[in-house]
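**Q** Fit chains B and C to the supplied structure of chain A, relying on the hints for placement.
As they're listed, the protein sequences go chains A, B and C. Numbered by numbering that gives the first Met the number 0, the letters in the first sequence go through residues 0 to 296 in order. Numbered by numbering that gives the first Met the number 0, the letters in the second sequence go through residues 0 to 281 in order. Numbered by numbering that gives the first Met the number 0, the letters in the third sequence go through residues 0 to 268 in order.
For the record, the hints were derived by calculation from the structure and aren't laboratory data. This structure is a prediction, so every number in the text was calculated from the model and none was measured. A hint or two may mislead.
[To be verified] Here are the simulated SDA-like pairs of lysine to any residue, each with C-alpha atoms no more than 20 Å apart in a straight line:
(1) Lys-112(B) to Val-255(A)
(2) Lys-112(B) to His-258(A)
(3) Lys-112(B) to Ser-233(A)
(4) Lys-230(C) to Leu-155(C)
(5) Lys-254(A) to Val-111(B)
(6) Lys-128(C) to Leu-155(C)
(7) Lys-254(A) to Glu-137(A)
(8) Lys-254(A) to Thr-139(A)
(9) Lys-112(B) to Ile-269(A)
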Amino acid sequence: MTNATAASAPIAAGAWTSGLSTAEFAATLEAGLTPLGFVQGCSVVNWNFYGFGLNSLGLGGGQLSGYSEQYSCPHGIVSNEHRRYGLNYEKTWLERAYKSSFAAAKERLVNEARAMGACGVIDIVERTEYHSESGAFEFTLNGTAVGLSGVAPPSTPFTTYLAGQRFNRLIEAGFVPVEITLAISAIGVYSSCVTEYQLRGAGATGLGFGQMSYGAIPAGEITQITNAEIAARSLVREQLRPQLHGDILHGALLKVRSHESAEGPQIEAILQGTRVRQYRDFAPIAPPRPVIRLVDR
Amino acid sequence: MNEGLPKDLRAAITALGATGAASTTARSITSDLSIDETLLLHQMGFGPADLVTGFSIVAIPYGTFLNQYGQSEPVDLPGATNATLAAFTNAIERMRDECQRAGGIGVVGVEVKVEVAGSSVSVALSGTAINPLASGQRRTKASPFVTDLSVRDYALLTRAGWGPLELVIGAGFVAAPPQRLGQVMSQARQNVELPNITLALQRAREQGMERMQQGAIAHHAAGVVDVTIIDGPLGHSHHVCAFICFGTAIELIAERHQLIEPQLILPLDDSFDFEATALRGD
Amino acid sequence: MAPGANEPADDLPKDAHHRLEELEHGLFTSDLSVNEFLLVKDAGFHPLGFVMGSSIYHIGLQTRKWSQSQELDKLTSAMYSARELAVTRMEEEAMELGADGVVGVRLDVNYYEFGADTAEFIAMGTAIKAEDGRSYRNAEGKPFTSDLSGQAFWTLRRVGHLPLGLVMGTCVYHIAHRGIGQTMGSVGKNLELPNYTQALYDARELAMTRMQDEANRLGASGIVEVKLIEKSHMWGSHTIEFLALGTAVTKEEGAPPLPQIQSTISLDN
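Just chain A, same shape as in the assembly (with noise of 0.2 Å):
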């Protein structure tokens, strides 16, 4: 029982608090950890300052950069209602911001453990919060700050988001954590008139203008909106995968969500987890033996 009483002894002094359950806190003291301290770090960007609209963009591509795609009108009509052309653009200006916004926050974090001595956060939590009215962008992490006897603490500590068995499980596969990671992906979307009439229903001709016919609208896959869910998709990934460094990104969490900005409908694509490297080779487990369990549910 080396391990409770070298964990015992800072927990005596009462000198940590931690956001841990119960049973993490038991996983924790089984692998040796002790908990020093709940650890934060915070980031406030403003939001509004990037939200400049499309007209200042510069249409063709000057001012973009990053990935854009170009969809122009088939019909040929010259009207101020009908959309010459539409496009797909990255918002790289907003990418920046939730990037810098994230890292800021996690650099905090991991200051604040440093100076503990601590040789890694776990159970990281976070918070990210708009307040429209001040248009400014609020990241915060949480986390418990541990310390680990007999082994001098990496001159950067680990962070990770598991905890408790999960985190345990981890070290006995071989595998430890580095760091969370995060990467985004926000596309605009500034819809063609095909795209339009697309997104109000196949087949249906000259919408909105009069007795004018141009023909039926194509049916089948609305072109523009899927080009800019899978560029979302794949752009988080490709900006993730250089963060790697030849690590895993483990228990990769993928959420795509869209909505209506003042730009028009953008897409966000956020792709985040914990980069965990293999310190050891993978100690094979015997196969699990199937059971039943006598509860309901």
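**A** Same frame as chain A, now just chains B and C:
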């Protein structure tokens, strides 16, 4: 208590401090699997290859969901049915392409999101492609499989001698005819079955299941397991009965089914909730 | 019981016959999870297909007396017949497949915006057939139905029992409103409200008795997984349906000895 764990952890932390970055030879892999799933997969001789996705949004023909006035029979809405099937097929094909590019033999644990809007239907998929650990291991099938079964289910299925073939899809959209006013009035004080609506719902269900079965037959499947059903009237068009189902088509790989012979266990945890009662003795 | 129970009746939807024909050629579909599928196989059965039945019912009004607790027999019979219809249609599909039973039956009531007082009663489950060639149909010659999960079905078989059928009893009850004088008199006091107590007691008793009568008719030795569901549906808070639902079971001849059970304590949350 596990004496080895703190020792392992010390070794891990030391390794972390020793090198700033991982070996440059290793491939960066993204995986949404849990550690238990990763270990289970490893035990089967596989590992995660990459996170893969698929997406498609398809337009539903204009006016599909408008009220079918003057009808007295349920009306099939093939426009909506076909759009749903097309969105699924496109999304699955894109996911399979991504899996192939990542060198995977299949995608497991696929998360499926379907949305039927007023004039379009979208399908979004994400999951983890897997590949054999030993590079010499031959791919058994020309094209990778896609399944929403978890790694645990995949492992159990494999152990019993079965293998996933494909995510098979079914859909049926049927409009129920509007009730006549006189009918409504005369029913007010009666308990009666409403045959038209019953028929519309049943038709949507049967069509959907039938489509899914055809998909399974086309893949020479022995059966379909773990079918997920989304059904009921559409939120935006109450008179339309929608039915969407998807499940994993499976085939018997071993010569015959292997019994798994589970062990009965009684967990001594809290939160017991006994509802089973024998009302009469033997 | 429907006459000629061994032949599929004709109120199945037209499309159903074609779908079921395909299933007769060996393909099976099921909403069983992989676990349940493997356990059904372990219990000596093979899934045949996903079967369902439904009925959309208009539940009429029934006059209730404000101050009297009473059973609303018209509503009771509507709720019962609608479920019975759904289950019977599901059984018909199962019979067309030549099934011995249906497991994992879900009995749901959905309220759609088709119109006021309209509800859909739906029954769905997976039809299964024994692999040993024996018939496991119940005393009525019908496939057994059961809301047991694959896990529960396997466990039941391991302890030497067979399900006979889904049994249910229902009772729609109106619970009297209390008079103003009564309400005033009990302000600030904690006391039992005998009319409520008696009404609830009676209604539950009626539902349970009806369920047990069904089990008796099947020659059951017991009922497992009884659920007592109380719902006001769309009638307002004083009218309540009491639904008792369970699976009637019987002990099998020559059952294997009871299995060893291992106790465990799990470390995960």
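**Q** Taking the earlier hints as the rules, which of them does this structure contradict?
**A** 4
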